[in-house]
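Peer 1: Chains as they are written, first to last, in this note's numbering: chain A, 1 to 445; chain B, 1 to 445.
Just so you know, these hints were derived from the structure itself, not from any lab. Note that the coordinates shown come from a computational prediction; the quantities given were computed from them, not determined experimentally. Heads up, a few of these hints could be off.
Stated by the list, open to error - Pair ranges (Cβ atoms, derived):
| id | chain 1 | residue 1 | chain 2 | residue 2 | range |
| --- | --- | --- | --- | --- | --- |
| 1 | A | D228 | B | L367 | 45 to 51 angstroms |
| 2 | B | M41 | A | I173 | 34 to 40 angstroms |
| 3 | A | N169 | B | L338 | 16 to 22 angstroms |
| 4 | A | S39 | B | Y219 | 44 to 50 angstroms |
| 5 | A | G355 | B | D199 | 52 to 58 angstroms |
| 6 | B | L338 | A | Q229 | 42 to 48 angstroms |
| 7 | B | D199 | A | S39 | 24 to 30 angstroms |
| 8 | B | I173 | A | D150 | 33 to 39 angstroms |
| 9 | A | E230 | B | N74 | 20 to 26 angstroms |
| 10 | B | I173 | A | S39 | 52 to 58 angstroms |
| 11 | A | R114 | B | K348 | 58 to 64 angstroms |
Unchecked claim - Okay, derived cross-link-like pairs now, PhoX-like style, lysine-lysine, Cα gap no bigger than 20 angstroms in a straight line:
| id | chain 1 | residue 1 | chain 2 | residue 2 |
| --- | --- | --- | --- | --- |
| 12 | B | K348 | A | K188 |
| 13 | A | K278 | A | K348 |
| 14 | B | K217 | A | K53 |
| 15 | B | K410 | A | K218 |
| 16 | B | K231 | A | K181 |
| 17 | B | K217 | A | K278 |
| 18 | B | K217 | A | K181 |
| 19 | A | K217 | B | K188 |
Think of the CB as a built atom: it goes at the ideal place given N, C-alpha and C, for glycine as much as any other residue.
There are 2 protein chains.
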Amino acid sequence: MDFELLEELLENRDFFQLKKELSSMQVADIAEFLDELESKMTLLIFRLLPKEKAADVFSYLSSDQQQQICVLVNDQELSQLVDELDFDDKIDLLEEMPANVVKKILKNATETERKLINQFLNYPERSAGSLMTIEFVDLKKEMTVQEALDRIRNLGFNKETIYTCYAINGKRILEGIVELKDLVLSPKDEKIENLMQRDIIFVGTNDDQEEVADLFKKYDLLSVPVVDQEKRLVGIITIDDIVDVIEQENTEDFHRMAALEPSDEAYLSANIFTLARKRIVWLLVLMISATFTGLILSKYEDALQSVVALTFFIPMLMDTGGNAGSQASTLVIRSLTLGEIEFKDLWKVICKEVGVSILVGFTLSVLNFIRIYFLQGYSLGIALTVTITLFCTVMLAKISGGILPIVAKKLKLDPAIMASPLITTIVDTFALMIYFGVASWILGL
Amino acid sequence: MDFELLEELLENRDFFQLKKELSSMQVADIAEFLDELESKMTLLIFRLLPKEKAADVFSYLSSDQQQQICVLVNDQELSQLVDELDFDDKIDLLEEMPANVVKKILKNATETERKLINQFLNYPERSAGSLMTIEFVDLKKEMTVQEALDRIRNLGFNKETIYTCYAINGKRILEGIVELKDLVLSPKDEKIENLMQRDIIFVGTNDDQEEVADLFKKYDLLSVPVVDQEKRLVGIITIDDIVDVIEQENTEDFHRMAALEPSDEAYLSANIFTLARKRIVWLLVLMISATFTGLILSKYEDALQSVVALTFFIPMLMDTGGNAGSQASTLVIRSLTLGEIEFKDLWKVICKEVGVSILVGFTLSVLNFIRIYFLQGYSLGIALTVTITLFCTVMLAKISGGILPIVAKKLKLDPAIMASPLITTIVDTFALMIYFGVASWILGL
Numbered sequence: 001m002d003f004e005l006l007e008e009l010l011e012n013r014d015f016f017q018l019k020k021e022l023s024s025m026q027v028a029d030i031a032e033f034l035d036e037l038e039s040k041m042t043l044l045i046f047r048l049l050p051k052e053k054a055a056d057v058f059s060y061l062s063s064d065q066q067q068q069i070c071v072l073v074n075d076q077e078l079s080q081l082v083d084e085l086d087f088d089d090k091i092d093l094l095e096e097m098p099a100n101v102v103k104k105i106l107k108n109a110t111e112t113e114r115k116l117i118n119q120f121l122n123y124p125e126r127s128a129g130s131l132m133t134i135e136f137v138d139l140k141k142e143m144t145v146q147e148a149l150d151r152i153r154n155l156g157f158n159k160e161t162i163y164t165c166y167a168i169n170g171k172r173i174l175e176g177i178v179e180l181k182d183l184v185l186s187p188k189d190e191k192i193e194n195l196m197q198r199d200i201i202f203v204g205t206n207d208d209q210e211e212v213a214d215l216f217k218k219y220d221l222l223s224v225p226v227v228d229q230e231k232r233l234v235g236i237i238t239i240d241d242i243v244d245v246i247e248q249e250n251t252e253d254f255h256r257m258a259a260l261e262p263s264d265e266a267y268l269s270a271n272i273f274t275l276a277r278k279r280i281v282w283l284l285v286l287m288i289s290a291t292f293t294g295l296i297l298s299k300y301e302d303a304l305q306s307v308v309a310l311t312f313f314i315p316m317l318m319d320t321g322g323n324a325g326s327q328a329s330t331l332v333i334r335s336l337t338l339g340e341i342e343f344k345d346l347w348k349v350i351c352k353e354v355g356v357s358i359l360v361g362f363t364l365s366v367l368n369f370i371r372i373y374f375l376q377g378y379s380l381g382i383a384l385t386v387t388i389t390l391f392c393t394v395m396l397a398k399i400s401g402g403i404l405p406i407v408a409k410k411l412k413l414d415p416a417i418m419a420s421p422l423i424t425t426i427v428d429t430f431a432l433m434i435y436f437g438v439a440s441w442i443l444g445l
Numbered sequence: 001m002d003f004e005l006l007e008e009l010l011e012n013r014d015f016f017q018l019k020k021e022l023s024s025m026q027v028a029d030i031a032e033f034l035d036e037l038e039s040k041m042t043l044l045i046f047r048l049l050p051k052e053k054a055a056d057v058f059s060y061l062s063s064d065q066q067q068q069i070c071v072l073v074n075d076q077e078l079s080q081l082v083d084e085l086d087f088d089d090k091i092d093l094l095e096e097m098p099a100n101v102v103k104k105i106l107k108n109a110t111e112t113e114r115k116l117i118n119q120f121l122n123y124p125e126r127s128a129g130s131l132m133t134i135e136f137v138d139l140k141k142e143m144t145v146q147e148a149l150d151r152i153r154n155l156g157f158n159k160e161t162i163y164t165c166y167a168i169n170g171k172r173i174l175e176g177i178v179e180l181k182d183l184v185l186s187p188k189d190e191k192i193e194n195l196m197q198r199d200i201i202f203v204g205t206n207d208d209q210e211e212v213a214d215l216f217k218k219y220d221l222l223s224v225p226v227v228d229q230e231k232r233l234v235g236i237i238t239i240d241d242i243v244d245v246i247e248q249e250n251t252e253d254f255h256r257m258a259a260l261e262p263s264d265e266a267y268l269s270a271n272i273f274t275l276a277r278k279r280i281v282w283l284l285v286l287m288i289s290a291t292f293t294g295l296i297l298s299k300y301e302d303a304l305q306s307v308v309a310l311t312f313f314i315p316m317l318m319d320t321g322g323n324a325g326s327q328a329s330t331l332v333i334r335s336l337t338l339g340e341i342e343f344k345d346l347w348k349v350i351c352k353e354v355g356v357s358i359l360v361g362f363t364l365s366v367l368n369f370i371r372i373y374f375l376q377g378y379s380l381g382i383a384l385t386v387t388i389t390l391f392c393t394v395m396l397a398k399i400s401g402g403i404l405p406i407v408a409k410k411l412k413l414d415p416a417i418m419a420s421p422l423i424t425t426i427v428d429t430f431a432l433m434i435y436f437g438v439a440s441w442i443l444g445l
């Protein structure tokens, strides 16, 4: 988006024209513009917006800006704003805000609303319950299409949540779902029970958000009903929230695979102590594991002293082994996440990695031999030692890169921890053992 | 899903009961079941399904099974099947199938249809054009709500593609969009032009799929109109396809960040030559870059010979540097992908990484000093050399891990290439230079 015009109008204090420009803009764009301003200016513009649009814009703002606005507006404005928010946005807001702001927001809530809000705030983080909204259309199967359409009109939700309607019985147990398109395309006196689908995909309030996202992907859903332990319908989850979940879960995997503790906080808004805490644990664990390599080297002190040249190839062998291993582990971890590989495929993965590592290892080793022996003029013994070690390291790296994530998953660990950093450390240790084993054999050390 | 019952019925050849079970199953589940059977059995069950459901199931099958079915069925069955497919699924099928199967499929297509199909097959891979479907509802702004609903009924698309309708003029130029919910909630004689939204988010046929997905994420869209260069409406893209795009783009990033050339092919179905080809290039490039480390070491041959103990810490220093660097680069790459960081934030990133690396580097260095000097009993000179190098390496790694992805993006390169493998190689080289620099200074080598 190009915000230059808006900035100019703001500078010239031409609020009339600014209001006009804003009225034709998408709410997400307005929020993006406001997020870059300081909070007093944000509030100023925010007050130019019609109430309903203001609430929409608010739900797209960063939580920093949301907090600033909540603090700056008076009680009446705040209660109007919060009233206009969709229920799930209201819950998101309450989850993000510090206690004093939450108190200010809840001051004007009715007893019933406060109860409902508390119930929602109690759903575990990353559960279906924490994602759902209560704005859905509930019907009875005895209704006609006409009655159903009237109910939709009366409920008046101004969102895509009306595209799927839910038929429930007297105990609020879900009996069927009916699509708005079927209502529109059917005769007015048709009964809902003749239109509704009875084999329903649903989730429980405590289900993990990643499983919910997998259902959306598998069945191409636009929304899914959420039921409590008594199978009563309590809410629905819509695809727009699932898109966010998918990105969040991917971000987590990226972080875990780089030996970072995952964090929801955006990089720029996290302070350096938080960032450092998320990194230090794994760095320490890996640093301590890497000391094994030092122990191995010190065992071969005499060999290293008599043939110093052996040292020169250690970084190259370690790097190549690490890279070869992380290629395999990344492919396998990603395939596990996408459900393309399961434990029963372990043998197939091993066969593939053996095949690939022979091809790749052979190519790398031959080129390496040419470089060391012919171009750099090292002795045949050293050239052979390095070449054989390289081949074995690539093989070991690729096979363990293929196996370890699958085994981790079987042990109910997150396969993502078996990514580059850990594989590299493991491969390094074994690569050095192979190196000196081969060196003792060929060079007679 | 639990397919035991189905397998039992299949074994007992109880097709009557099998058909009954299948009729209450979701198409995605039936496809999952069929994907695990051999193709003749798949065809057998496939023929038990009602025609429309069969086409739905077919669109969920793996391309291997799709191909088998296309080959096994007779011409008439094939043309019926293909007729029932949604247009975008038809295009996907044609893109995946080998030439002889494509020929078989297109044999019965009309001239107009063949032209349309060819036009779609010509859109660049990963463009908006290749993702869109032609099944959308086009209206005129002069229509009333009643006329619009009639048109929807007449077009009779049995999909979520009717939730957003598009008002076009005589030249098929897009003038506005109107949501089905607004049609349902408005009086029957209201004009479309009074209901339609005029500030429309749209994409061009050649737009990259990643940009399209970003629009869906930013504006919480369910579908987006696609226009050609003359701004004529030619198709729409729906959210279910965008969910697949998001996963595909994430997979690509995972692959690139592990020095793999990205591939659409599933791991288990790719042969070892393809897998090897996707890995060898980067391994070679990185192996050759890693030989710099060997050159540095050979320059310090004398130092290494006189203090062999220096060698023992090389792997630990390299690993820790690599890990510290890839933590920073992964965070920054992911933030760039999600649009949380831009080039203008470069300075903020540098400040953050300097801060974090002081905290992290200090902790690691102190613990390391204690281990080397007090626990392992090395000389103060060596302990100090290793400790100072560790601190500097962590700092260097984190700062370059933070900067390089941002610079890569500025240079129109994919930031993902600046992930762990390349950062590790770069950091290794500099870490060794620091190591021997510090060693010369402290140990007087």
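Peer 1: Please work out if K217 of chain B and K181 of chain A have their alpha carbons no farther apart than 20 angstroms.
Peer 2: violated (24 angstroms)
Peer 1: Could you tell me whether the CB distance from D228 of chain A to L367 of chain B stays inside 45 to 51 angstroms?
Peer 2: holds (49 angstroms)
Peer 1: Taking 16 to 22 angstroms as the hint, is the beta-carbon distance of N169 of chain A and L338 of chain B inside that range?
Peer 2: violated (43 angstroms)
Peer 1: Under the criterion that the straight-line Cα-Cα distance not exceed 20 angstroms, is the pair K217 of chain A, K188 of chain B satisfied?
Peer 2: violated (36 angstroms)
Peer 1: Measuring from beta carbon to beta carbon, are S39 of chain A and Y219 of chain B in 44 to 50 angstroms?
Peer 2: violated (24 angstroms)
Peer 1: Given a hinted range of 20 to 26 angstroms, is it respected by the beta-carbon distance of E230 of chain A and N74 of chain B?
Peer 2: violated (52 angstroms)
Peer 1: Going straight from one Cα to the other, do K217 of chain B and K278 of chain A come out at no more than 20 angstroms?
Peer 2: Answer violated: K217 of chain B to K278 of chain A is near 27 angstroms, above 20 angstroms.
Peer 1: Per the hint of 52 to 58 angstroms, is the separation of the Cβ atoms of G355 of chain A and D199 of chain B within bounds?
Peer 2: holds (55 angstroms)
Peer 1: State, for the Cβ atoms of M41 of chain B and I173 of chain A, whether the hinted interval 34 to 40 angstroms holds or is violated.
Peer 2: holds (38 angstroms)
Peer 1: For the pair supplied as a hint, K348 of chain B and K188 of chain A, is the alpha-carbon distance within the 20 angstroms limit?
Peer 2: violated (61 angstroms)
Peer 1: Between I173 of chain B and D150 of chain A, is the Cβ distance one that fits in 33 to 39 angstroms?
Peer 2: Given range 33 to 39 angstroms: holds, Cβ gap about 37 angstroms.
Peer 1: Using the C-beta atoms of R114 of chain A and K348 of chain B, is the stated range 58 to 64 angstroms upheld?
Peer 2: Once the Cβ atoms are compared, 40 angstroms apart, the range 58 to 64 angstroms for K348 of chain B and R114 of chain A is violated.
Hint violations for this structure: numbers 3, 4, 6, 9, 10, 11, 12, 13, 15, 16, 17, 18, 19, all remaining hints satisfied.
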